[in-house]
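Visitor: For reference, the chains in residue letters:
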Amino acid sequence: MTEPVPVIRRLEQALADDDFAWSLLLVGEDQTDKLATLTGDLRGPFSKTGDGKQITSGFSYWGIGPTIAWANATNDPFYLVMKAGTESFLRHWRKLRPHVENGGFHLVSLGVGTGVKDRTILGDMRRQNPDMFYIPVDMSSEMLRLGTVEPVRGAHFPMSQVLPVQLDFSLDDNMDELGQMLARLVGADPILFTLTGNTLANFESDEDVLSTITRVLRPQDRLLLEVASTSSLDRDAAKAAADEYHQTRAFAEFVTSALRYNTDLKIDNDRIDFRGEVENDDALRVKIVWQNNTGEPIVMGLPDHTEVVLDPEDTILLYTTRKFSTERLKRLTAACDLTPIEHAHSGFRHTRRPSPFGLDLLLLAPGTVEGPAVTTLADDIWST
Amino acid sequence: MIPASARRTVVTALSYGLLGLAFSLGVIWFFWPENSRWEPAVNSLTLVAGLTGIFVERLTAEAERRTEVLRAVADELQENQRLLNDERFSPATPTTRQVYPRLVVSAVDLALVSGALGLHRDSELVGLLHRWRDTVHLFNRRLDLTEISTFSNSISTEELAAFHRALHRENSYFAATRDKLETLLTRLPTS
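One line per chain: the protein sequences are A and V, in this order. For the first sequence, my numbering gives the first residue as 1, with consecutive numbering after it. For the second sequence, my numbering gives the first residue as 1001, with consecutive numbering after it.
DMTMM-like cross-link-like pairs, simulated, lysine to aspartate or glutamate; straight-line CA separation at most 25 Å:
1) A:K239 with A:D76
2) A:K48 with A:E279
3) A:K95 with V:E1158
4) V:K1180 with A:D380
5) A:K266 with A:D311
6) V:K1180 with V:D1144
7) A:K330 with A:D172
8) A:K95 with V:E1159
9) A:K266 with A:E253
10) V:K1180 with V:E1170
11) A:K239 with A:D282
12) A:K48 with A:D282
13) A:K330 with A:D234
14) A:K330 with V:E1158
15) A:K330 with V:E1159
16) A:K266 with A:E307
17) V:K1180 with A:D379
18) A:K330 with A:D208
19) A:K330 with A:D282
20) A:K34 with A:E177
21) A:K330 with V:E1147
Simulated from the structure, these hints should not be mistaken for lab results.
All chains, please: the whole structure from these sequences, using the hints.
Guide: And the structure:
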């Protein structure tokens, strides 16, 4: 009698040459827990400033409705920041690519997005390392399915080397488990983790999330971090940052989609407020909030069939994003013991007037990197 | 090879010796004029002394020019030493953007093109001065780049500090320039 063969080993054979749109997904968390978290966040206390009820990062993309809204926002030709980001990423990646192209890296994409950036990275890295794995990680299974289409179909990355993982990577325990699983999966091979599309800016504490990610980095691993940056930190810049997101209807649809699909609240775009503020004198924070400006209490039904009363002036924080100053980025990387290996920056050029905003792509290594020391422009000038 | 100073001493002594001898013979000729051979002897000695006198004059002029050039170079190097000790180059100076003083090489340039330095005698010194001239140009260029970078709008406090740190590193171009200057000052002949 032969030993039974585990289904996962047979799966590759079973799916080979099957042209049905199967997609494999490794689910790391019980999704009912996530729904409970979302519901709990929406039961927060009264706040006029968006500090009570909220939809935390990750939940903005959770479910098919928000995923479709996100896909629509990214395809909106009026969403200029998104377009500028896609274009600058290509330039930035070309500068950083030589550091990771030949190292035999596997790619772990944290927050998969549209998959366009992963497609670019995979297209270049796979030429040198055809056996590499692509492991997109996201809280939303729908985003994972949507985001992996681009690299797999666009860059012809073999589906057998893709393992989408549904996991909230902002939680310490989840990230630790992911790190251990990856270490068993790839052994001592290096991993390139990517956190692109200014995803870091969406979390309540960017430093906590970056340090959560850093703790799973082994000395041979690298982190590719893309953030929106600003060279100005005044009130005008904060207002301009808020206006940037205000310009597109598709983006407004996206930020409200999580509320629309998880509650029975009737969303009126007039109640959406884009609030820009200077955070700790080293970043600009944009809070997108829904505010009850009707003057009457509104009753909102939650997914667990309970109700919450939204008093006049009460708010629900829908989305948080930031633009980081150079000082903030340096403070963040220093606090998380990350060493920059390469850094690319470009400013936004789509505006008529000079804009203080731009995008930065950083390649970071954990701790102190062995090998050539990191030199600044000043060191280059004054070296003998 | 006879040193230039010894050569100048020998030629001078010979000229004055010949003139002295011609004078003595002239005095003897005055008291005993009956000997007709005194005249060609005095004339010949005076003629030879006149010829060697030309060399004495040329050698003395060359020596004076060389001394002047070396003195100007020494003054310039001491001025450069003072500039490198300027408080704007001090590690204790607060990290701020500033215009730095430049090192000068006009006396060195003049010394190299004047021909006052001997082809064989000063060959090592000429090599050192050429290298010093290159060092100063590269040092001043680095100061230009530092000022351009530090006076740009987007520079942060950390980047300013990086320039301060890079300038005062043990193995920076600033330290190398200072070492070269010290070496040149010790190797510069006094005359």
